[in-house]
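What follows is each chain in one-letter form.
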Amino acid sequence: MDPVVRATQLEKKYGRLTAVDRISFEVRPGETFGLLGPNGAGKTTTMRMMACISPPTSGDLTVLGMDVRRQSRAIRDALGVVAQHDGLDPDLSARDNLIVHARYYGLRGSVAGARADEVLEFFGLTARSRDEVDNLSGGLKRRLSIARAFMHRPRMVILDEPTTGLDPQSRNRVWEQLANLKQEGVTIAMSTHYMEEAASLCDRLVVIDHGRILAEGTPDALVREIAGAQTAMLKVEGPERARVVRALAERGYQAHGRGMLLAVHGRDGDRPQVEGLGVAHVIYRPSTLEDAFLALTGRELRDE
Amino acid sequence: MALAVIGKTADFRPANVIGVWLRHFTAFKRGYLIETTAIVVEPVFILLAVGFGVGQLVGQLADVSYAEFVAPGIVVGNAMWHALFECSWGAYRRMQIHKIYESLLTAPVNMRELAGGEIAWGATRAVMTTVAVLAVAAALGLIGSPMGLGVILVGALTGLMFGSLGLVFASVAPTTHSLTLVFTLVGTPLFFFSGAFFPISSLPSYLQPVAWAMPLTPAVQAARGFATGSVGVQEVLALAYLAGLTLLFYPLATYLLRRRLIA
Numbered sequence: 018m019d020p021v022v023r024a025t026q027l028e029k030k031y032g033r034l035t036a037v038d039r040i041s042f043e044v045r046p047g048e049t050f051g052l053l054g055p056n057g058a059g060k061t062t063t064m065r066m067m068a069c070i071s072p073p074t075s076g077d078l079t080v081l082g083m084d085v086r087r088q089s090r091a092i093r094d095a096l097g098v099v100a101q102h103d104g105l106d107p108d109l110s111a112r113d114n115l116i117v118h119a120r121y122y123g124l125r126g127s128v129a130g131a132r133a134d135e136v137l138e139f140f141g142l143t144a145r146s147r148d149e150v151d152n153l154s155g156g157l158k159r160r161l162s163i164a165r166a167f168m169h170r171p172r173m174v175i176l177d178e179p180t181t182g183l184d185p186q187s188r189n190r191v192w193e194q195l196a197n198l199k200q201e202g203v204t205i206a207m208s209t210h211y212m213e214e215a216a217s218l219c220d221r222l223v224v225i226d227h228g229r230i231l232a233e234g235t236p237d238a239l240v241r242e243i244a245g246a247q248t249a250m251l252k253v254e255g256p257e258r259a260r261v262v263r264a265l266a267e268r269g270y271q272a273h274g275r276g277m278l279l280a281v282h283g284r285d286g287d288r289p290q291v292e293g294l295g296v297a298h299v300i301y302r303p304s305t306l307e308d309a310f311l312a313l314t315g316r317e318l319r320d321e
Numbered sequence: 522m523a524l525a526v527i528g529k530t531a532d533f534r535p536a537n538v539i540g541v542w543l544r545h546f547t548a549f550k551r552g553y554l555i556e557t558t559a560i561v562v563e564p565v566f567i568l569l570a571v572g573f574g575v576g577q578l579v580g581q582l583a584d585v586s587y588a589e590f591v592a593p594g595i596v597v598g599n600a601m602w603h604a605l606f607e608c609s610w611g612a613y614r615r616m617q618i619h620k621i622y623e624s625l626l627t628a629p630v631n632m633r634e635l636a637g638g639e640i641a642w643g644a645t646r647a648v649m650t651t652v653a654v655l656a657v658a659a660a661l662g663l664i665g666s667p668m669g670l671g672v673i674l675v676g677a678l679t680g681l682m683f684g685s686l687g688l689v690f691a692s693v694a695p696t697t698h699s700l701t702l703v704f705t706l707v708g709t710p711l712f713f714f715s716g717a718f719f720p721i722s723s724l725p726s727y728l729q730p731v732a733w734a735m736p737l738t739p740a741v742q743a744a745r746g747f748a749t750g751s752v753g754v755q756e757v758l759a760l761a762y763l764a765g766l767t768l769l770f771y772p773l774a775t776y777l778l779r780r781r782l783i784a
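Chains as they are written, first to last, in this note's numbering: chain H, 18 to 321; chain F, 522 to 784.
Please note that a few of the clues may not be correct.
Unchecked claim - In the EDC-like style, the derived pairs of lysine to aspartate or glutamate whose C-alpha atoms are separated by at most 16 Å in a straight line are:
id, chain 1, residue 1, chain 2, residue 2
1, F, 550, H, 148
2, H, 30, H, 77
3, F, 550, H, 149
4, F, 620, H, 151
5, H, 199, H, 220
6, H, 199, H, 48
7, H, 252, H, 292
I should point out that these hints are in silico values taken from the structure, not numbers from a laboratory.
Could you put the whole structure together from the sequences, leaning on the hints where they help?
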């Protein structure tokens, strides 16, 4: 099947600043696609270009088979968008927020009302439907802005950091609901800097930093490729640290500083070989997406 | 070029203008008590204080009482205030503070429809205040002619024009704070120097052309013409002037908003 989103050499410049630097990627039908990167990596800019509210400087971008420059309106007809700030209307009730927005997609009258009640129910907001938006908690507001994006049954939803700023309970709730939507066949493209979110929701990830793609693949493949199956955590302090880092480098390992600890990633299925370095405290654990992410984007600790 | 323009026109969805307008109407209904108070009570206070209070000091003008002289100007002056406030401060608040415009633009709404809805609502508020204050003025016997109903038309055009102008200000304002200048430097001088409270002929001669060029002046003249039942070429030209300015400011606001928001 044709990809739902296809970016080719996509570039966005603001004056002399290059926010997105000729990236190419695809989003496939029905998948949950994640754009993972630290703050300022170019995630939001990419999302905004996909949502047709920011024209690309150069390169090609098609969404649902249509060109973002020439067919912006037709794309927006079929897309649901959840911005990082909720963009909810504080002058309207929760339910009216849904109804007013759905009208731009052609949903009106009792059809819009019935759909609003259905969506409120799905997102667990029925009891709060008459409330002012300002009286809702951060988690409820986010759920409402996601609910709003689903009013017109979009084929694809774009979410820019859907759980940033939420407490763990609210975050989990949002994840559950996104997982349910995926079950219904909706294609989801999201950006995030939460590893757990990327690992538990996304089928495929693109890691970006400074507007460039650093790595791409399923969360498991990315971890294995970049951080191996196992990571050793070494407790080394003071002057010992430089010596251990050098010794590891001789063995072909990079050490990544994590506070008091050094993280050393294995290769593929193997444990990293860190015996015989005179380090008393060594713990082995499965590598995580965070290991891979930090190895890709973090400041690397080499010879000091 | 011509094709591009036709293409754009074909892509204009009037239903979205109505959608934006309905958003405002829904919000208005939620706070209607406060809103209605603002629309009716303040202008009526001004009408009573100036018309009758100051009017006692001024006495009779050439052919009408002072209260009759000021009433039409107060009506359309308030129409200006409401449209200007709604489309500058109100629009800025929705755009920059609550990011509602961005939500709208991710929906299949284009800037021209969004701006059209904003201006239409600004004009609606102007008509609301026009009708309310005109009714009070008529009840007080200050509207001499049944043609006074035409003041509603003047209020509507005033609203469309100042709504468009307000949106131009909102689209270029760097901060909320800077928008207060719209009221101090635009709203207030227009309200007081557009011939609503005293004939422009009583201004120093070098200031008179300035007063005539100010965009509220034709509205005041036309409103007074309708209220007193003397509508002629001058009034028609005044209405055409308001319409013309609207046709200038509305595309300008659309262009400036696009430049600000679609980056």
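Practice item. Against the structure, test the hints numbered earlier, and report the numbers of the ones violated in rising order. Key: Violated: none.
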